[in-house]
Amino acid sequence: MDFTVVAEHALAHAVKISRMVGNDICLLHIVDVGIKGAEEADKKKKLQKIIEERGAKYNSAISFHISKGSIFTSIAEFANDKEASLVVMGTHGMKGMQKLTGSWALKVIVKSKVPFIVVQDPPADQERYHNIVFPIDFRAENKEKLKMAIFMGKYFDSKFICWLPHK
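Quick note on numbering: the sequence shown equals residues 1 to 167 in this note's numbering.
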């Protein structure tokens, strides 16, 4: 949760998925290791307000966690350590496939053992996901991710697309 519109959209997707599969929702906010105490307290207040307001709006229990570090390592570390079943993350990039290849999202995803859903827009409906794109680079850890992506494609009755990113 970086307090942006796309983070709000990611939360809406997380709520949608949570209702389908019964998972908990935890908003993760990453701060710089050198953050001052007062600034961190402000972030906690802002997150507390968000979980109260969105929890009421969506009728869902939402928690939050603040980690110090870089988004490129801290998101994956938190998801891996907590054995999260899924990470829903917003991206600010361009539309289409370029948004994934040109954004920081891919740099975050490759460090994770946990599947990601990367979104830019709010959910189109509360029904299903229509397309699931799976970036694959043939590493051993992708075998488990691929199983989850195929499961999600079947679960959401979605089109499943494998994509080999260029380095």
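Think of the hints as simulated: they come from the structure by calculation, not from any bench.
A couple of the hints might just be wrong.
[Said to hold, decoys possible] Straight-line Cα separation of at most 27 Å, DSS-like style, residue types lysine-lysine; simulated pairs:
hint	residue 1	residue 2
1	Lys113	Lys57
2	Lys16	Lys46
3	Lys82	Lys113
4	Lys44	Lys68
5	Lys36	Lys57
6	Lys154	Lys45
7	Lys113	Lys68
8	Lys57	Lys16
9	Lys143	Lys159
10	Lys16	Lys113
11	Lys16	Lys49
12	Lys107	Lys82
13	Lys57	Lys46
14	Lys46	Lys36
15	Lys107	Lys159
16	Lys49	Lys82
17	Lys82	Lys43
18	Lys44	Lys16
19	Lys147	Lys82
20	Lys143	Lys154
21	Lys16	Lys36
22	Lys57	Lys107
23	Lys57	Lys143
24	Lys113	Lys45
25	Lys45	Lys57
26	Lys43	Lys16
27	Lys68	Lys45
28	Lys111	Lys57
[Stated by the list, open to error] Label-pair restraints from in silico Cβ distances:
hint	residue 1	residue 2	range
29	Arg139	Ala61	19 to 25 Å
30	Ala56	Val5	29 to 35 Å
31	Gln48	Ser158	19 to 25 Å
32	Ala38	Trp163	42 to 48 Å
33	Glu53	Gly22	21 to 27 Å
34	Gly37	Asp137	27 to 33 Å
35	Asp125	Ala41	35 to 41 Å
36	Ser158	Gly34	40 to 46 Å
Quick caveat: nothing in here was measured; it's all calculated off a predicted structure.
Just so it is clear, CB atoms sit at the ideal spot from N, CA and C, and this is done for glycine as well.
Hint by hint, here is what the structure shows:
The suggested pairing of Lys113 with Lys57 is violated, with an alpha-carbon distance near 31 Å, which exceeds 27 Å. Distance hint between Lys16 and Lys46 is fulfilled; the C-alpha atoms sit about 23 Å from each other, no more than 27 Å. Between the alpha carbons of Lys82 and Lys113 the distance comes to roughly 11 Å, so the proposed pair stays at or under 27 Å and holds. Note on Lys44 and Lys68: the hinted pairing holds, with a Cα-Cα distance of about 13 Å set against a maximum of 27 Å.
In summary, the hint linking Lys36 to Lys57 is not supported, as the alpha carbons are separated by about 31 Å, beyond the 27 Å threshold. With a C-alpha separation of about 39 Å, the suggested pair Lys154 and Lys45 falls outside the 27 Å cut-off, and the hint is violated. In summary, the hint linking Lys113 to Lys68 is supported, as the alpha carbons are separated by about 20 Å, within the 27 Å threshold. Under the criterion of a C-alpha separation no larger than 27 Å, the hint pairing Lys57 with Lys16 is consistent with the structure, at around 13 Å.
In summary, the hint linking Lys143 to Lys159 is supported, as the alpha carbons are separated by about 19 Å, within the 27 Å threshold. Among the hinted pairs, Lys16 with Lys113 is consistent with the structure: their alpha-carbon atoms are about 22 Å apart, no more than 27 Å. A hinted pair counts as satisfied when its Cα atoms are at most 27 Å apart, and Lys16 with Lys49 qualifies at roughly 21 Å. Note on Lys107 and Lys82: the hinted pairing holds, with a Cα-Cα distance of about 20 Å set against a maximum of 27 Å.
For the given pair, Lys57 sits about 16 Å from Lys46 by alpha-carbon distance, which is consistent with the 27 Å threshold. Distance hint between Lys46 and Lys36 is fulfilled; the C-alpha atoms sit about 16 Å from each other, no more than 27 Å. Only pairs whose Cα atoms come within 27 Å are accepted, and Lys107 paired with Lys159 is accepted, the gap being roughly 24 Å. Note on Lys49 and Lys82: the hinted pairing holds, with a Cα-Cα distance of about 23 Å set against a maximum of 27 Å.
Distance hint between Lys82 and Lys43 is fulfilled; the C-alpha atoms sit about 22 Å from each other, no more than 27 Å. Restraint check for Lys44 and Lys16: satisfied, since their Cα atoms lie roughly 25 Å apart, inside the 27 Å limit. For the given pair, Lys147 sits about 20 Å from Lys82 by alpha-carbon distance, which is consistent with the 27 Å threshold. Restraint check for Lys143 and Lys154: satisfied, since their Cα atoms lie roughly 17 Å apart, inside the 27 Å limit.
Taking the CA atoms of Lys16 and Lys36, the gap is about 35 Å. The hint is violated against a cut of 27 Å. For the given pair, Lys57 sits about 32 Å from Lys107 by alpha-carbon distance, which is inconsistent with the 27 Å threshold. Using a Cα cut-off of 27 Å, the hinted pair Lys57 and Lys143 is violated, with the two alpha carbons roughly 37 Å apart. Between Lys113 and Lys45 the alpha-carbon distance is near 30 Å, which puts this suggested pair outside the 27 Å criterion.
In summary, the hint linking Lys45 to Lys57 is supported, as the alpha carbons are separated by about 18 Å, within the 27 Å threshold. At most 27 Å may separate the alpha-carbon atoms for a hinted pair to count; Lys43 and Lys16 meet this at roughly 25 Å. At most 27 Å may separate the alpha-carbon atoms for a hinted pair to count; Lys68 and Lys45 meet this at roughly 17 Å. For the suggested pair Lys111 and Lys57, the alpha carbons sit about 33 Å apart, so the restraint of at most 27 Å is broken.
Checked against the hint of 19 to 25 Å, the pair Arg139 and Ala61 fails, with Cβ atoms roughly 35 Å apart. Here the CB-CB span from Ala56 to Val5 is close to 20 Å, at odds with the stated 29 to 35 Å. Separated by about 35 Å at the C-beta atoms, Gln48 and Ser158 break the suggested range of 19 to 25 Å. Checked against the given bound of 42 to 48 Å, the beta carbons of Ala38 and Trp163, roughly 43 Å apart, stay inside it.
Here the CB-CB span from Glu53 to Gly22 is close to 23 Å, well matched to the stated 21 to 27 Å. Separation of Gly37 from Asp137 is about 41 Å and departs from the stated range, judged on CB atoms against 27 to 33 Å. As the Cβ distance of Asp125 to Ala41 is approximately 38 Å, the hint placing it in 35 to 41 Å holds. Against the hinted window of 40 to 46 Å, the Cβ-Cβ separation of Ser158 and Gly34 comes to about 42 Å, which satisfies the hint.
Consistency with the previously given hints fails for numbers 1, 5, 6, 21, 22, 23, 24, 28, 29, 30, 31 and 34, ordered from lowest to highest.
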